[in-house]
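Protein chains: 2
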Amino acid sequence: MRSIFFTILLAVVFPGIQPVSAQDPLPSWNDGPAKKAIISFVHATTIKGSADFVPVAERIATFDQDGTLWAEHPMYTQITYCFERVAALVEQKPELKAVEPFMTVLSGDREAISKLPYSEIEKIIAATLTGMSTDDFISAVKQWLETEKDPRWKRHYTELVYKPMGELMSYLRLNGYKTYIVTGGGQDFVRVYSEKVYGIPPEQVVGSMAATTYSYDQNGKPILIKEPKVLLDNDKAGKPEGIYLMIGRRPYAAFGNSPGDQQMLEYTKAGDGTRLAMLVLHDDSAREYAYGPAQGLPDTKVGTFPQALYDLATAHGWTVISMKKDWKVVFPFEK
Amino acid sequence: MRSIFFTILLAVVFPGIQPVSAQDPLPSWNDGPAKKAIISFVHATTIKGSADFVPVAERIATFDQDGTLWAEHPMYTQITYCFERVAALVEQKPELKAVEPFMTVLSGDREAISKLPYSEIEKIIAATLTGMSTDDFISAVKQWLETEKDPRWKRHYTELVYKPMGELMSYLRLNGYKTYIVTGGGQDFVRVYSEKVYGIPPEQVVGSMAATTYSYDQNGKPILIKEPKVLLDNDKAGKPEGIYLMIGRRPYAAFGNSPGDQQMLEYTKAGDGTRLAMLVLHDDSAREYAYGPAQGLPDTKVGTFPQALYDLATAHGWTVISMKKDWKVVFPFEK
Chain A
12 MRSIFFTILL AVVFPGIQPV SAQDPLPSWN DGPAKKAIIS FVHATTIKGS
62 ADFVPVAERI ATFDQDGTLW AEHPMYTQIT YCFERVAALV EQKPELKAVE
112 PFMTVLSGDR EAISKLPYSE IEKIIAATLT GMSTDDFISA VKQWLETEKD
162 PRWKRHYTEL VYKPMGELMS YLRLNGYKTY IVTGGGQDFV RVYSEKVYGI
212 PPEQVVGSMA ATTYSYDQNG KPILIKEPKV LLDNDKAGKP EGIYLMIGRR
262 PYAAFGNSPG DQQMLEYTKA GDGTRLAMLV LHDDSAREYA YGPAQGLPDT
312 KVGTFPQALY DLATAHGWTV ISMKKDWKVV FPFEK
Chain B
12 MRSIFFTILL AVVFPGIQPV SAQDPLPSWN DGPAKKAIIS FVHATTIKGS
62 ADFVPVAERI ATFDQDGTLW AEHPMYTQIT YCFERVAALV EQKPELKAVE
112 PFMTVLSGDR EAISKLPYSE IEKIIAATLT GMSTDDFISA VKQWLETEKD
162 PRWKRHYTEL VYKPMGELMS YLRLNGYKTY IVTGGGQDFV RVYSEKVYGI
212 PPEQVVGSMA ATTYSYDQNG KPILIKEPKV LLDNDKAGKP EGIYLMIGRR
262 PYAAFGNSPG DQQMLEYTKA GDGTRLAMLV LHDDSAREYA YGPAQGLPDT
312 KVGTFPQALY DLATAHGWTV ISMKKDWKVV FPFEK
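Line by line, the protein sequences give chains A and B.
Each number in this note's numbering corresponds to the 1-based position in the first sequence with 11 added.
Each number in this note's numbering corresponds to the 1-based position in the second sequence with 11 added.
Treat the hints as calculated values from the structure; they're not laboratory data.
It should be emphasised that the depicted structure is a prediction, and the values quoted were computed from it without experimental measurement.
Be a bit skeptical, because a hint or two may be false.
Because identical chains cannot be distinguished in the list, a pair is counted as satisfied if it fits within a single copy or across any two copies.
Listed next, the in silico DSS-like pairs over lysine-lysine satisfying Cα-Cα at most 25 angstroms (straight line) [as the list claims (entries may be wrong)]:
hint: 1; residue 1: LYS346; residue 2: LYS59
hint: 2; residue 1: LYS47; residue 2: LYS153
hint: 3; residue 1: LYS126; residue 2: LYS339
hint: 4; residue 1: LYS280; residue 2: LYS232
hint: 5; residue 1: LYS165; residue 2: LYS339
hint: 6; residue 1: LYS336; residue 2: LYS134
Construct all of the structure, not just a fragment, from the sequences and the given hints.
The following block contains the structure:
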């Protein structure tokens, strides 16, 4: 106990100094190029006297969420929330029962639902994520997350997080890095659980942003109403734009898994000194899922990893994490 | 030295426990209702066992900048920057020399300049704050701040900060509060100096937000270009909206000085438990400026404090800070 106490104390009081630890900081990672790249990066940027030493205030690491920190198949969790929320929505607004696309969603006809065009899905997203107070929205998401489970693992969605990525975030934080989520998902959706699930406080979640309107409820209490007006689509080029808006500093490390993360990784690597850029490749259908189509993996519509992205990673020195080869464990509940 | 070390250590490792300090944490404040309100609030929300104890993660305090943390008269510093930047702008774009309102600004005719309508001033703001890369913008602001001085005090603008407010921010931070600037000014303008001047890192500055566009320079290096497209006008109702967007938590304490801060203070006070809302009244023409028109002070066009706001403060239990009565010192360079 004593040595753990002093380790934490030293890290808190003198974050530039790392005591040599006999313990492996990444026990769920197999030895290999990915684990080596992480440890080399942390040493290069945090050990005093290193040519690429980074002051604590500038140590920023950004993580995509879907497919990078937790499972995104068969469908992004937030989209599942929107579809499952339709039943509660029509209770409040019964007139929607006879209106498309709500009629199709309520029918439960999976084939018809899977054929809905994106313009119709957008209507479901807007209807279930906007038009209520921020407090009501947060309560609804919290309740859904506590109740609903993923059909394959029979686990809450917040349990489907990747243990090796959790260790990576802890390792970075112990070394003075401020960890941020930078997701294409809704910023205030992810904030509902980010602290509990990832140890990341709401103010360190950057996501797609929509407007709110300041107003007063019937008792004159100030409230914020969620509006169907996008301020920033935090995907692709939107990720560096969102980082500039929300953080105002260029990250030293960035992690993703799909073309939506390309610009964030480019922007990160364009900075001076040692920078780390990594992409998770889902090549493990036994423990999670396998999809690409890079490296001959099956194609997908959700969270693709095209061969062009794989080639870009090779050309730019971004490290590809193979879920199958690099991770000893995928989920915390395994074994 | 030893006792200071242990005080800091305790505050860092056990932020919920405050060692009893013999030192006055607010030496530039006179004893009075304002100082008392601050200390009562900190005790109520941070001493373990208090009915209104607030967990460290939720301790958020938000500060307006212009007129609350630094001088805003005779003109907001960022507007002064925009006007003084016109000369550099026409060097890059000589065609603007013959175009209004740039012609008037270049003429140096103070009376003509003061008569420019706001629609013309907006053209100056857009031309000097957008259309360049974020890196070029940051360099230009940094250089201007290092060079230019306020005509009355012959001091750099970043020296015109209020010492008592600096002590207040330090006192809150020592007690586990995360301090944020929430300004109607440009978010990325204030971020250039916030860390150095206020000890507030860029990611804790919430301001008026404009879009950027991710792009590549002639060498293929990723850059962000500042666009003349407002995402959020962080003033009045925009302040709670900006707080929700950037922080995602309701503040426990909020500080302002004009009607632009009213909604932020309302929103803060609408939360549970003990909350602190304060407004700085500029009633000291000898040491700084005096303007209202509340309490019979002279009227102004910059950073007004109308009687209606004063009455609202009285009705809602917001504390008005009298610069003249409550502050022993205004600027750090005094004496």
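How the hints compare with the structure:
Neither within a single protomer nor between protomers do LYS346 and LYS59 lie at most 25 angstroms apart by alpha-carbon distance, with minima of 40 angstroms and 40 angstroms respectively. Taking the shortest alpha-carbon separations for LYS47 and LYS153, neither the intra-copy value of 38 angstroms nor the inter-copy value of 39 angstroms comes in at or below 25 angstroms. For the homomeric pair LYS126 and LYS339, neither the shortest alpha-carbon distance inside one copy (37 angstroms) nor that between copies (70 angstroms) is at most 25 angstroms. In the homo-oligomer, the alpha carbons of LYS280 and LYS232 lie at most 25 angstroms apart only across protomers (10 angstroms), although the nearest pairing inside one protomer, at 46 angstroms, exceeds that limit.
In the homo-oligomer, the alpha carbons of LYS165 and LYS339 lie at most 25 angstroms apart inside one protomer (22 angstroms), although the nearest pairing across protomers, at 64 angstroms, exceeds that limit. For a Cα distance limit of 25 angstroms, the shortest separation of LYS336 from LYS134 qualifies neither inside one copy, at 40 angstroms, nor across copies, at 57 angstroms.
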